[in-house]
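Next come the chains, spelled out residue by residue.
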Amino acid sequence: MTEMNSVLPPLSERSNVLRWIRKNLFGSVLDSILTIIGVLIAYWVIKGFLTWALTTARWEVISANLRLILIGQYPLEQAARLWIGVAFLIFLGGNSIGIWARESRFSVALLLSPAILALLPFSSGPRTWLIVLSVTGLVGWWLGRSRPEVLRRSVIIGWVISLPIIILLTHGFTPVDSGGVLAIVKTNLWGGLLLTFLLTVVGILFSFPIGVLLALGRRSELPIIRLASVMYIELVRGVPLITILFMAQLMLPLFLPQGVTIDRVLRAMVGIVLFSAAYLAENVRGGLQAIPKGQFEAAHALGLGKAQTMIYIVLPQALRLVIPILVGQFIAVFKDTALVAIVGLLDLLGIAKTVLAQPKFLGLQREVYVFISLIYWVLSYGMSYLSQRLEERLGVGK
Amino acid sequence: MQNKNQQTTSIPFWRDERILDILGQILFVLIVLFFGFVIIRNMNAGLAKQGVSLSINFLKGVSGFDISESLFPYSRSSSYWQAYLVGLLNTLSVSIIGIILATILGVILGVARLSTNFIINKLAAIYLEFIRNLSLLVFLIFWYLGVFLKLPKVNEAILWPGDIILTNRGVGIPWGLPTASFPTFRLIMLFGLVLAVGVFFGLHIYEKRTGRAPLTLLWTLLTFLGVSVLGWFVLPEQPVTLDLAYINGLNLAGGKVLSPEFMALTSGLVLYTSAFIGEVVRAGISSVSKGQVEASRALGLNAFQTLRLVVFPQALRVIVPPLTSQYLNLIKNSSLAIAVGFPDVFYVSNTVQNQTGRAVEMISLVMLTYLAFSLITSAFMNWYNQRIKLVER
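Residue numbers (this note's numbering), protein chains in the order written: chain A, 1 to 398; chain B, 1 to 393.
One chain only, chain B, in its complex shape (with noise of 0.2 Å):
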């Protein structure tokens, strides 16, 4: 009886939970709206005292500065916005080089680390715990400054085998010069990349129905390559010829000249991102246990067997997910582009917003680009990290 009448009298509301947490939200809400609106009456205050307001149509501008390197025709009476993409361009092929680059260094030290050959392995781990307490700053202006600006002179170039010219102007190295026939050459290779998707979803169809695993990767490549040369011995003209890099005077010339910015960034982001794959990769394998390479020999495998077929396929569900953030950062490193001069997205509108004063605009915008970066190559590894899951029951 004594419970029932408690039971009625309910909870006042200020010590009810519930009311509570909606009125902590509300409350969170005004504070952020409150701050946000003053935040943003400040800042239209102090644009209006510079007599600008804000908005995007200053992109379409004649920017009036020139860009060391461009991946498309750019001159200084291109506008802004043409600016913005050079830039963007040049911050995708340093990252999607640094990246391809990178994680091949990466497996390499990873696999020494794990190398019962004393050397290699000692070797392997002095270099990770070395390059892993630097400063990537620090070890990028090195290597503009105290390497590749110190190479010598044009006239007293360094020559490499393999036709490399080092010099303080940049790195010359042969490079294809696409001839007449270089258009059908490229249908050619479509077609070839075209039969080698094809090749790899019919064997992916087949190893679903058999069970079998064939060398997918390897049939695919190896379409492609032969498509491809059949085509180069095909055609009445080689598609592309050797053209080598030389000394012109106080310049380099033919073949491909690499700035010396681009390679400081290029070889800092690299050595610099390995050691950290590195780390990651030698984490992966080692977490297959032992018995799984013993049990997989007992069974008749042999070692590229094991290795294909039981530890990689293991190992990579470990290795994918770190290995997916050390791709994000070698792409937000490469914003450090700025500090060895460097053409990125970041600098170029760096410069753009020196030139206009539009801080607010710009710095919003290079912020969006490095977000849909990270969203995109998330998104992808993501997806990927999906397909080689273990699959529960």
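If we strip away everything but chain A, and leave its shape as in the complex, we get (with noise of 0.2 Å):
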């Protein structure tokens, strides 16, 4: 290889700036044109928004809001809790990192990614918090590089357990008035980007073992639960995600007997949850038959009974395959929590609504709507560009 890459090309075929531009930019009189419109209709978008951005867009509607858009109403004497969970969530980042991905700069770049907004002229509040996260997530890679076999079991302990104990320190566990350590935060305080977060995490989470039954189902031999798992399937993703949240928000109570009320975060999750899954179904569907068949049969040729093969054999395989396309998963059920504003919660989205209404800030709906858009596109693309980072180096989903 190394031999082919060192002759040189010849001198017609050689790197050349005037050259390249003319092959690849003027190549003939459709191409030439088709690079000017493309040209023109990108210098208009450009300027366009540059213009909007620098001179008339009015952005102080965001850095005196900028609390409300990333936890809502939560009590700001509580806020400690929630950058003690980020943190947490960090040091885990951080020791992951050291213990899997020792060798990505990229990624200890993003550990110090705090530090760098806490020069930010906005975050002068939480700047102490931003670069105690960055302290905390370098501390963890560097025990995880040194101590990579030690903290291995550790670490993934720590992420099973990682979601209840945010859960904990949000919600808290004393009632108010007495004074306790955790003073109970009631959910309708939740907003923004922690109510985003929440409900996306719970989300996935809680929907994964229904998927991965209900995917075992659709695969069964046995009629019945066959026809059960299929026709859920397909009923949950024949319909928009909208209208099963209105039914969880309209009908579960309902549902449910007399006397027992469930809040409306919680039935906005158990929506969310029950859509996911019929999605999440599907994609674990297609790990499963891409398991072929010689190992069902090894497996039952060593005496595994039907769970134990489907237990040990298939499922850590057909899993193991799907990571990359749960990853996607992931995203999208992210970039859809925010239809619970529609149903009235204070999320990301709904949020807007409460900054927008302050008569300090009418008509400045451009403005909140782009910094809004901004998150939800930073995070998905960090997301899906991390994941493919990760799978390039630890080779999952091949």
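FYI, nobody ran anything at the bench for these hints, they're computed from the structure.
Note that the coordinates shown come from a computational prediction; the quantities given were computed from them, not determined experimentally.
Cβ atoms here follow ideal geometry from the backbone N, Cα and C, with glycine treated the same way.
Hints may be right or wrong, so weigh each one.
In silico contact screen, one side only, chain A against chain B (beta carbon under 8 Å); selected entries [to be verified]:
| id | residue |
| --- | --- |
| 1 | Thr187 |
| 2 | Gly238 |
| 3 | Phe246 |
| 4 | Gly286 |
| 5 | Ala290 |
| 6 | Tyr376 |
Using the hints, put the two standalone chains together into the complex.
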């Protein structure tokens, strides 16, 4: 290979800026016209956006409401709990990077990003916290790097218990007036990015086991189980998420026994879980179908029962195959959680209405929605980019 | 001898997988039935407390609310059922317009993504990557609140070439106004359509018999257009006159006025879905191996013939299944109309449900509607997929 590369191409094919431009931009008349139109469109769009963003846009609506956008009405004096939760996640993330992706400079740079955010002018209050986040992440990374064997198990346990810990931290458990350490913060105060994040994580985590069961059910040899799974999956995939969310909001309370009430955030979570499970089931089914028949036969020959074959032989391989698709599903759920704004929850999108209702910031829809789109975009793009990098590194999905 | 003895003692039934399977399923059905029973009992109790019971008779009642856009005459004295039909037709029209426009834009994007022109290629790539990571709902709301409602007032309207008027009250476009001879013209167009279908099947049979592939679609379209144009000039007066939109005081009049809600929903859905369709088209075209193109060029086919006879039929097989799911996504996503206030079936049903308190019935009705849409679309696309599928021997 190296020898091939060291041979220079003939003089006429060596790279040369002018020749490259001629070949790639002005190959023919049509090509030239397209290039010019393309450049004009790009110039027009970029110029239009930049003129607006730098001159007419009033970004103070964002800096004044940043807390609202990030955590909603969550009481400020309790915000330290959220920071601790994020720090815990970053510590685990740093640990995992140290153990599994130790060579990746990009991931380490990611750990430093909170500290870089702290340099921005508007984050005066939480600046210390942002620096603490970076430090925790780097400490986690260093620990994971120096003692990977010892920490491997504890990190996995850490990830497993992270969700209950986060929810416990966010919700609290002592009554408000008792003056305990973690006072209860009612879910109607949760909002902004915090609520979007919790809805996504809960949605994916709880829909995962249901989705796997549905996928197994759809592949089952038992006719009734198969029929029930197929019906559920196709029914849910045939209707829009918003109808399921409305069903969860309006019909779920009717289905429960008298006197039992569940709050609105929980209802939305139920809706998202029910919806996402059907899509997850189809993804997992794809993985199950990719497992060669020989695996089943070999497991059978070894004397494993049906359940054992599934748990020890088929599922681990199938789930490993579909990890990239599951990341895609996670991103899709993240983007779909915006729909809870329609049923009146104050998530990242819903909080925009609250922000825009302030008399000081009337008519600033463009600024607010551009900023919120930006948050969704950066997080979705970041997640998909990160997962691609990790896939290449770990060789999963191959 | 010992073997025979062992065989006669059968497996006890609690370890016999066949019996366990049946028992397990019976148990499953019992659990489902039990929960279904509990849910229905709770629901009935809850409804009884509210003083209602499940029925769809309320749909005959007078609706008493207005709907901003409707394809057939509707007023507040019409029934709930008619309101639902208005919403249904609105959903259908948005979906059909959206699917057509998104397909056109998506194909352009997919082809641009494969272009050797660096600028075009990268612009398409940036567009796809940008749109695919946005949240559709935020995108739609941005188009509504950030673009179409931010257009200037009627008296400061922006005029675009082609007599398009952009205002915050809506977008006015030229539209045809039928004259007295329009019914006759409609008959002529119908005749043209029948003739075109005849040409289509005739050419299809010709293709089957001779193995030559005539430009079936082109000739079909030309037949239809030819008959229509002929009819246009044969009739004593023009069947349709051009009606331009104009500004009338504080409102738009004449032509066709597209509401900001409709424009926001359609443009948002089209731009969003076209990015996904573009990706599907790109994957489909690049799935056709280069050797196919080279071989057909070597056989003397020109670039257009190569595309039409070799690349396209093969790419289509890869494209159609994911394209179907994108179409279904667009139809389902049109339910987000509620966020921009366009009266689609979900929005209207929600209003009905708010007025009557019939949550269970209306949500079930809407879900059934979307299920029917999904089933019809996938049935049609499956039929099409069967038709173009590779015939394997």
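Hint check, failures only
1, 4, 5
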